[in-house]
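K.L.:
Residue numbers 1 to 148, in the working numbering, belong to the letters of the sequence shown in order.
In case anyone wonders, no lab produced these hints; they're calculated from the structure. Hints are supplied without guarantee of correctness; some may be wrong.
Stated by the list, open to error - Per label pair, the in silico range of CB-to-CB distance:
#, residue 1, residue 2, range
1, Y113, V88, 23 to 29 Å
2, F21, Q98, 25 to 31 Å
3, G119, W49, 40 to 46 Å
Every value quoted in this text rests on a predicted model; they were computed, and no experiment measured them. Positions of the beta carbon are idealized from the N, C-alpha and C atoms, including for glycine.
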Amino acid sequence: MSTSEQSQARTRIFARVLGPFFFIVPATIAVRASHMRTLFAEFETSPMWAWVLGAALLMFGLVIIALHQYWRSAAAVIVSLLGWFLAVRGLLLLIVPQAYNAAGDALAGPVAYVAVRVGFACLALVGFYLTYVGWVATPGGMKSTKGL
1 MSTSEQSQAR TRIFARVLGP FFFIVPATIA VRASHMRTLF AEFETSPMWA WVLGAALLMF
61 GLVIIALHQY WRSAAAVIVS LLGWFLAVRG LLLLIVPQAY NAAGDALAGP VAYVAVRVGF
121 ACLALVGFYL TYVGWVATPG GMKSTKGL
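Throw the hints in and build the complete structure from the sequences for me.
P.N.:
Dropping the structure here:
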(Lines of atoms letter the chains of each structure in order from A; the text may use other names.)
(Lines give C-alpha, C1' and ligand atoms only; values in the text may rest on other atoms or scores of the structure.)
Protein backbone atom coordinates (compact mmCIF):
# COMPACT_ATOMS: atom_id res chain seq x y z
CA MET A 1 0.00 0.00 0.00
CA SER A 2 1.46 3.34 -1.06
CA THR A 3 1.75 6.33 1.23
CA SER A 4 -1.12 8.03 -0.62
CA GLU A 5 -3.35 4.98 -0.16
CA GLN A 6 -2.40 4.83 3.53
CA SER A 7 -3.28 8.50 4.02
CA GLN A 8 -6.63 8.03 2.25
CA ALA A 9 -7.38 4.97 4.38
CA ARG A 10 -6.51 6.82 7.57
CA THR A 11 -8.67 9.79 6.55
CA ARG A 12 -11.54 7.39 5.85
CA ILE A 13 -11.13 5.73 9.27
CA PHE A 14 -11.16 9.07 11.08
CA ALA A 15 -14.14 10.19 8.97
CA ARG A 16 -16.01 7.04 10.04
CA VAL A 17 -15.56 7.96 13.70
CA LEU A 18 -15.70 11.75 13.62
CA GLY A 19 -18.45 12.02 11.00
CA PRO A 20 -21.31 10.42 12.93
CA PHE A 21 -20.20 12.10 16.17
CA PHE A 22 -19.99 15.55 14.59
CA PHE A 23 -23.33 14.96 12.86
CA ILE A 24 -25.33 13.65 15.83
CA VAL A 25 -24.07 15.88 18.65
CA PRO A 26 -24.17 19.28 16.88
CA ALA A 27 -27.52 18.44 15.24
CA THR A 28 -28.91 17.64 18.67
CA ILE A 29 -27.53 20.90 20.06
CA ALA A 30 -29.01 22.86 17.13
CA VAL A 31 -32.42 21.31 17.72
CA ARG A 32 -32.32 21.54 21.53
CA ALA A 33 -30.52 24.88 21.80
CA SER A 34 -32.99 26.10 24.40
CA HIS A 35 -31.66 23.47 26.84
CA MET A 36 -28.01 24.40 26.35
CA ARG A 37 -28.21 27.39 28.71
CA THR A 38 -29.21 25.06 31.56
CA LEU A 39 -26.43 22.61 30.71
CA PHE A 40 -23.89 25.42 30.52
CA ALA A 41 -24.98 26.77 33.91
CA GLU A 42 -24.35 23.30 35.38
CA PHE A 43 -20.96 23.19 33.64
CA GLU A 44 -19.97 26.52 35.22
CA THR A 45 -20.84 25.41 38.77
CA SER A 46 -18.05 22.85 39.09
CA PRO A 47 -14.43 23.44 38.02
CA MET A 48 -14.07 19.66 37.78
CA TRP A 49 -16.01 19.68 34.49
CA ALA A 50 -13.49 22.03 32.85
CA TRP A 51 -10.63 19.75 33.90
CA VAL A 52 -12.26 16.50 32.82
CA LEU A 53 -13.59 17.85 29.52
CA GLY A 54 -10.40 19.80 28.82
CA ALA A 55 -8.19 16.76 29.38
CA ALA A 56 -10.42 14.54 27.22
CA LEU A 57 -10.58 17.08 24.38
CA LEU A 58 -6.82 17.62 24.51
CA MET A 59 -6.16 13.86 24.41
CA PHE A 60 -8.51 13.20 21.48
CA GLY A 61 -7.17 16.20 19.60
CA LEU A 62 -3.57 15.08 20.09
CA VAL A 63 -4.43 11.57 18.89
CA ILE A 64 -5.88 12.98 15.68
CA ILE A 65 -2.93 15.35 15.21
CA ALA A 66 -0.41 12.54 15.79
CA LEU A 67 -2.10 9.99 13.54
CA HIS A 68 -3.43 12.23 10.78
CA GLN A 69 -0.84 14.49 9.16
CA TYR A 70 -2.61 14.73 5.79
CA TRP A 71 -3.98 17.81 4.05
CA ARG A 72 -4.59 16.60 0.46
CA SER A 73 -8.39 16.38 0.19
CA ALA A 74 -11.35 18.23 1.66
CA ALA A 75 -12.08 15.38 4.08
CA ALA A 76 -8.42 15.18 5.14
CA VAL A 77 -8.29 18.92 5.80
CA ILE A 78 -11.50 18.75 7.85
CA VAL A 79 -10.20 15.81 9.93
CA SER A 80 -6.89 17.57 10.58
CA LEU A 81 -8.60 20.85 11.47
CA LEU A 82 -10.95 19.04 13.85
CA GLY A 83 -7.92 17.53 15.58
CA TRP A 84 -6.36 20.94 16.05
CA PHE A 85 -9.70 22.44 17.11
CA LEU A 86 -10.21 19.77 19.77
CA ALA A 87 -6.66 20.09 21.08
CA VAL A 88 -6.77 23.90 21.30
CA ARG A 89 -10.21 23.84 22.88
CA GLY A 90 -9.04 21.28 25.46
CA LEU A 91 -5.93 23.29 26.21
CA LEU A 92 -7.98 26.46 26.70
CA LEU A 93 -10.37 24.67 29.03
CA LEU A 94 -7.43 23.49 31.13
CA ILE A 95 -5.52 26.77 31.17
CA VAL A 96 -8.21 29.49 31.10
CA PRO A 97 -11.61 27.97 31.95
CA GLN A 98 -12.92 31.40 32.99
CA ALA A 99 -12.48 32.64 29.38
CA TYR A 100 -14.51 29.67 28.16
CA ASN A 101 -17.20 30.47 30.72
CA ALA A 102 -17.21 34.16 29.68
CA ALA A 103 -17.65 33.15 26.04
CA GLY A 104 -20.56 30.92 27.01
CA ASP A 105 -22.15 33.73 29.00
CA ALA A 106 -21.83 36.05 25.99
CA LEU A 107 -23.99 33.63 23.99
CA ALA A 108 -27.07 34.22 26.14
CA GLY A 109 -28.99 36.75 24.01
CA PRO A 110 -31.59 36.05 21.31
CA VAL A 111 -29.23 36.91 18.44
CA ALA A 112 -26.58 34.61 19.89
CA TYR A 113 -29.24 31.90 20.27
CA VAL A 114 -29.84 31.96 16.51
CA ALA A 115 -26.09 32.09 15.84
CA VAL A 116 -25.55 29.03 18.04
CA ARG A 117 -28.25 27.12 16.17
CA VAL A 118 -26.84 28.07 12.78
CA GLY A 119 -23.25 27.34 13.85
CA PHE A 120 -24.09 23.91 15.18
CA ALA A 121 -26.25 23.14 12.14
CA CYS A 122 -23.22 23.94 9.95
CA LEU A 123 -21.03 21.70 12.11
CA ALA A 124 -23.65 18.94 11.72
CA LEU A 125 -23.35 19.32 7.94
CA VAL A 126 -19.59 18.86 8.25
CA GLY A 127 -20.27 15.71 10.26
CA PHE A 128 -22.72 14.51 7.61
CA TYR A 129 -20.08 15.05 4.92
CA LEU A 130 -17.47 13.11 6.92
CA THR A 131 -20.00 10.33 7.53
CA TYR A 132 -20.56 10.12 3.78
CA VAL A 133 -16.82 10.07 3.06
CA GLY A 134 -16.17 7.44 5.73
CA TRP A 135 -19.08 5.09 5.15
CA VAL A 136 -20.55 5.63 1.67
CA ALA A 137 -18.04 7.07 -0.80
CA THR A 138 -15.71 4.65 -2.51
CA PRO A 139 -12.02 5.18 -1.73
CA GLY A 140 -10.25 7.22 -4.37
CA GLY A 141 -13.47 7.63 -6.32
CA MET A 142 -13.07 4.15 -7.81
CA LYS A 143 -16.16 2.04 -8.36
CA SER A 144 -16.38 -1.29 -6.62
CA THR A 145 -15.79 -4.35 -8.74
CA LYS A 146 -17.56 -6.74 -6.39
CA GLY A 147 -19.71 -9.25 -8.20
CA LEU A 148 -17.88 -8.87 -11.55
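K.L.:
Work down the list of hints and note, for each, if the structure agrees.
P.N.:
Hint-by-hint comparison with the structure:
In this structure, Y113 and V88 meet the distance hint of 23 to 29 Å, their C-beta atoms being roughly 25 Å apart. For F21 and Q98, the Cβ-Cβ distance of about 27 Å falls inside the hinted range of 25 to 31 Å, so the restraint holds. The hinted window of 40 to 46 Å between G119 and W49 is violated, with their beta carbons roughly 21 Å apart.
Hint 3 alone, counting from the list given before, is not met by this structure.
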